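A.B. asks: Spelled out, the chains give:
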Amino acid sequence: MGVGGCATGARQWIWTGKIMSAQRVVNILFCGVGGQGVLKAAEIAGLVALRAGYAVRKSEVHGMSQRGGSVESHVRFGPAVHSPLIPEGAADFVVCFDAAEGAKYRHMLKKDGVHFGPFLPLVRQQGIEPRYENTFFLGLLSRYLPLPRDAWLHALEQAFPRAQAENRRCFLLGAEMDAGRLKAEDRILQSFAGGSYALFACFVVNNLIFILSSVAVR
Amino acid sequence: MLNAAALNMKTTTAPQRKLLSGDEAVARGAWEAGLKVAASYPGTPATEILEALALYSEVDAQWSVNEKVAFEVAYGAALGGARSLMACKHVGLNVAMDPLMTAAYTGINAGLVVVVADDPGLHSSQNEQDTRWVSRYAKLPLVEPADPAEAREYVQAAFEISEQFDTPVLLRLTTRVAHSKQDVAVGTRAVQPNRPFQRDAVKYVMVPAHAAARHRAVEERLVRLRAFAEKTPLNRVELRDRALGFVTAGVAYLYIRETFPEASVLKLGFSYPFCDQKIRDFARLVNELVVVEELDPFLEDHLRGLGLTFKARHPSFQLGELRPEHLPAIVRGEAKPAKPFPARRPVLCSGCAHRAVFSVLRDLQLTVTGDIGCYTLGAAPPLASVHTCLCMGAGFTVHEGLRRALPGDRRIVGVMGDSTFIHSGITGLINAVYNRMPGVLLILDNATTAMTGAQPHPATGRTLRDEPTRTLVLEDLCRACGAEHVDVVDAKDTAALKQLLQQRLEERALTVIIARSPCWQLVRTKAGAPEFKPELCQACYECLEIDCPAISKSEDGLIKIDTARCTGCNLCVERCAYEALIPRRA
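As you go down the protein sequences, you meet chains A and B in turn.
The working numbering puts the first residue of the first sequence at 1, with every later residue one more than the last.
The working numbering puts the first residue of the second sequence at 1001, with every later residue one more than the last.
It should be emphasised that the hints constitute simulated quantities derived from the structure, not laboratory data.
All values reported here derive from a predicted model rather than from experimental measurement.
For every residue, glycine included, the Cβ atom is placed at its ideal position computed from N, Cα and C.
A couple of the hints might just be wrong.
Under the rule of at most 20 Å between Cα atoms (straight-line distance), these lysine to aspartate or glutamate pairs were calculated in the EDC-like manner [what the hints assert, rightly or not]:
1) B/K1560 x A/E157
2) B/K1336 x A/E88
3) B/K1018 x A/E157
4) B/K1339 x A/E88
5) B/K1526 x A/E88
6) B/K1526 x B/E1506
Simulated restraints, written as ranges between beta carbons of each label pair [as the list claims (entries may be wrong)]:
7) A/R24 x B/P1196: 30 to 38 Å
8) A/Q125 x B/E1288: 37 to 45 Å
9) B/P1534 x A/Q164: 36 to 44 Å
10) A/R24 x B/Q1126: 36 to 44 Å
11) A/E88 x B/D1556: 36 to 44 Å
12) B/G1461 x A/R106: 18 to 26 Å
13) B/M1097 x A/Q125: 37 to 45 Å
14) A/E88 x B/A1201: 55 to 63 Å
15) A/Q164 x B/P1340: 50 to 58 Å
16) A/Q125 x B/K1339: 28 to 36 Å
Which residues of chain A face chain B? A partial, calculated answer using Cβ under 7 Å [claimed, not checked]:
17) L47
18) G69
19) S70
20) G78
21) H82
22) S83
23) P84
24) L85
25) P87
This is chain B alone, in the form it adopts within the complex (with noise of 0.2 Å):
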């Protein structure tokens, strides 16, 4: 075709450009450098890093089970010599915090990249956490891209400077640096061979004698880190009207462009450790300078302690999102002007096995100790039944300690997902069998890990790249932990469920029920929606209780059924005492 060939030639006299996001121009700046393993716990923003390196053919690519068994393979990986890479969403990291804290003790060897995505703004996460202190915390140098483009410079940038200094390398994204997509020309791979690993028991065996010698090194090195930052192009001033100079990292940089393109900027890539001088230096080159970053207080705590004097926002900006328009209101000293509107509440998916479990907890009036993952939306009027939510794998965990707490109360239950129970839940019903605590705990198996996008786990039987590997199967695995009683239903089953549930709570026995149904968008089965007979109809709107966006109240006071979106899973005909709801039969 004409117009297909016009492009082509296009391509081949040019260097090539993609329209790549931040995440997917990390995993090709990586590939480039010569990644060769990489692994990776889903979590939103993070999760497409490894969705896009899964299409490089010569990258050993992973979903771990969790984000330190992720960690923990990249840096054995690292030491083995091969360039690798593990990636995760801010709260991943803090499962990963272990191994990561004694890593930059023990050093690697070929270049390790540790990618962490953070939510400002909680688009899809349970806290709001700033990771820049963890490079401080475990005096690691902390590597920030602004876009798309300079995620692909600046990751091949973090692996020359892992292996300059021998230690793993943070570097930090943020929603709209991972999924924000730009023009990015893209380059070729290029191999390192890999570096022999030298058994070394004082570098890589973390005994106390050893660790307080690689204490010093890890100082050293901190100090050989700032003279670095002092140097590094990734650290750049770009002079303009003295009037105004912002001191800044990350996608702050594109909003101050946005706004003040005449103003002066020292744009930090490298942000941890500190180019102290330089940025004393610039600060005498400006008139007035400014501190802007989004969250918490990194830059401007540590300009403090320099002795500077410079505006800071003005605290109400610790909170959430930063937006290109919030820009003037910064450097007027002024507070973050209110978000003009709330966004339309998520709800679980039309067809969705979920709430039929919900439902069901819900009749039964109990309290439920829930987790991270599509079903955390249980919570939710009318619904409303998930009462608490902490962290990946919690929902086991803290059931038992609510029941240490209220002895006589057997109407709590924990309920988690499947990859999340993999994730982080069996330590937790391994912990209720051995400290024999009764109770009920609900596995929610939809066979994916769905609210990051349907990816993969050891239940599935397939990797990331789609291969046949051996299933883990749930009910053997909690059998072989010690529940006593392991029960599998189905989970649109609500009758079943119920009269289950009834039966378990009684007991004084520790139960797994499997409540198993794939999840919708997986199968994407649809049957015809219920037909509704209007006469029948007593307006009490239980119906509407089970929160299916395919059913609401309609203009004439009864309700509506949205057939586009109905998938007849006949959940509103269950509810309904009236029979003004009539399931089709196919």
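Isolated chain A (complex conformation) (with noise of 0.2 Å):
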């Protein structure tokens, strides 16, 4: 029982290196252009928080801006959090949608802070249609985050009760991708000098957790 229980499970893996500690708070930016998911996946990302143990808080804006204009949400997650919003170079992953939306978010991102907009064409290159686009980068955020990936799965199942395989495929695509194939994950990894290791273990860790998990699951 002890991988497949997220709220305890949680804390087993929690990541030692430079990004992940539980002890402070996690901040993640997603942006794009109305219609493109934004919300849905933000909406996603801070249920698997709560569901880990977390404080979470999140904010976003509806209305006029989603009628194709720009949409942000912001995610934040920790042992405790204040601001809804998350403080200008403070942003731990801006995760954009689009290339233009995520460029002007540059400014919102800690130095050493991840940014995708060097992952958008990957969704062109796996031929991931536009509307998992979402799911797929979920699961590219999952593998720097402390959250088990059971909990990631459920939310997935929970806010999308149609195409549940596809939304399962896409998030796993992201999950598993091989960091060889992966170009600009060089580069992200260099940039966390010291935590490189950890994350190495932990993505060993997070395989080896979903094997079990998904044979306990059946």
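Fit chain to chain and form the complex, with the hints in mind.
C.D. replies: The structure is reproduced here in structure tokens:
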């Protein structure tokens, strides 16, 4: 049961690398254009963090801006979070679904944060339909976060009652993507000087736990 | 499944926690407080309050025709002894100001909470008003949560205050409270028995003699509320490092905690009437006092009146939204940093029927008095075919005024949406008929309240809970109002609309044209994108003049169609004089 329980499971594999520790707040900024599933992706990330036992804050804007305008959503989780907005220069991740929108939020990114701009071409390379782009990016994001794989999959199932198999496939495509094929990954790993070993260890643990838990589920 | 079982185990042993938005938390808190009747008209960022309440079967919840109606329904229910709630956006409360001002005099019976959501930064609004002033103006208590967890708690406190002091209570949210989410510990519902309605003309019939007596009651109530403000835990002092102390309310509190975690804070949750003694005491305890608020100097002005010395924001902070990174600049007394980048302009969806109507209005070079809704987006170039937008319902009345000032000009039309027409356009139509004003008024009937996320209204024949109801027939209503001609056209039939408009504009009659086509977000029908023949394209870009997000200039100087976004409406095809765009037949 140890690996299956999301609430307790999370604590077992908190990353000791530079980004992830349960001691501080993790900041993720999702951005894109209305209709791309920005808010949905942010909602799922927030729910997964909640299920993993963290305090969560999330902020977004509805209404006029959704009509093809800029859409941004901030997700923050950790032991305690105050502001629903990520302060400038404090985002660990800028997860952008649109290159131009992503470029606008560079000032929000931390010095050693990860910008998803370089990952955008992967969507086409992997032959992912635009409407599953958000699940694919959540898969990529999940590689960096101390959140259990099965909590992600559970949240995806809840969020997308239809096309569950395809959403799961696109998520796993992102989550399992071979680091060698992920060119941008090299640059990112280097930027975590000192944290890369921990990162690597986590990939291994992550995958192991996934294999074990999927056996348990079946 | 193992995982689900593990999660369920967790939820039964610990207090239940949900990821709730401020709007959802207001709904949850009100439901827990025994709310029985709720009414609202959709408006960002308050729309989701009623949508969330609709999920609680114990609450009699409705979309009202407008905010004035919503307020009066909730007020009547409160008199009838049921805890009631009215919710709206800031400008929506303006519509309900008439009953609100006098409800402050009559008081209520069971609790009445008025939830109002301001929109600093104008994410989706026509102005940036600070509704806190309404509490002073109407002499009503004001409660301000900073986040969803507080929203849930404070709405419950608001019901208690409402009943203890026999007054409506304003619960004010801002966009970042209403539309932020947080893990919230939730509770169970506790229902109070209905308080019997007592006939009491002196209290509930506001004629001059009665109202004069009630004015005294309002002033006496304010005195008691001031004493309450000193004691209530909603106003809390957090003493930490005394070198720096903040007085604040609402979401600004969280930005202070984020940026100056060591500083002391007087956090006002019950922010009107003010707790003067508590503020003075706090000022004495800290070396430097800073007041932080969003929009108007509501707190600053009051503290100045108390004769306190403090650091106020640079006046530039009275404009736009506050953000956590602004706090150091406020403490240093500096101006607000400029926004780092402009946001992408919103556009009408691809497949939107409004685009077809505006392309016709543009071709005819008409002056258009517009209104509030998705169709306000028709004002932006290249469509640029909406020339005024003031408030809900003004599309027809501003048309009338403009024509009275320009009697010879027949090339002016008034435009508004179906939901807006029912909200407050009907009176403008009757006024034009009564005062013998000829002209052409267009109702863009897309069968929903689109901008706020497709809420039903009387002409849809469905209620908030999607129950069937009597359908309001717009053409019958317009005829009953006295319009001489009522024409119904397919909004996407540009040729027919153009011909009809030209004909009606020549007549000296009052015509209502109902341009009907359901919102694309409701139907989501798609046909194939038109075929582009680059060899025939003359790069005139006439097809780009319709401002469709699916068609744009390409790198080679011609045009390109985003087939994923194109709905196959073929409006661009109509505009191409060179047959470079060929409709694809299904």
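A.B. asks: Indicate, hint by hint, whether the structure satisfies it.
C.D. replies: Do the hints match the structure? See the list:
1. B/K1560 x A/E157: With Cα atoms ~36 Å apart, B/K1560 and A/E157 exceed 20 Å; violated.
2. B/K1336 x A/E88: Since the Cα atoms of B/K1336 and A/E88 sit roughly 14 Å apart, the hinted pair holds (cutoff 20 Å).
3. B/K1018 x A/E157: holds, 18 Å
4. B/K1339 x A/E88: holds, 11 Å
5. B/K1526 x A/E88: At roughly 41 Å apart (the allowed maximum being 20 Å), A/E88 and B/K1526 break the hint.
6. B/K1526 x B/E1506: With a Cα-Cα distance of about 37 Å, the restraint between B/K1526 and B/E1506 is violated, given a limit of 20 Å.
7. A/R24 x B/P1196: 30 to 38 Å: Hint violated: Cβ distance 56 Å, outside 30 to 38 Å.
8. A/Q125 x B/E1288: 37 to 45 Å: violated, 56 Å
9. B/P1534 x A/Q164: 36 to 44 Å: holds, 41 Å
10. A/R24 x B/Q1126: 36 to 44 Å: For B/Q1126 against A/R24, whose Cβ atoms are near 40 Å apart, the range 36 to 44 Å holds.
11. A/E88 x B/D1556: 36 to 44 Å: holds, 39 Å
12. B/G1461 x A/R106: 18 to 26 Å: violated, 49 Å
13. B/M1097 x A/Q125: 37 to 45 Å: Hint violated: Cβ distance 57 Å, outside 37 to 45 Å.
14. A/E88 x B/A1201: 55 to 63 Å: holds, 59 Å
15. A/Q164 x B/P1340: 50 to 58 Å: The hinted range 50 to 58 Å is violated for A/Q164 and B/P1340, with Cβ atoms some 39 Å apart.
16. A/Q125 x B/K1339: 28 to 36 Å: holds, 35 Å
17. L47: Interface hint status for A/L47: holds (6 Å vs cutoff 7 Å).
18. G69: holds, 3 Å
19. S70: holds, 4 Å
20. G78: For A/G78, the interface hint is violated, since the closest Cβ of chain B sits about 12 Å away, which is over 7 Å.
21. H82: With Cβ-Cβ at 4 Å, under 7 Å, it holds.
22. S83: holds, 4 Å
23. P84: Holds, about 3 Å.
24. L85: holds, 6 Å
25. P87: holds, 4 Å
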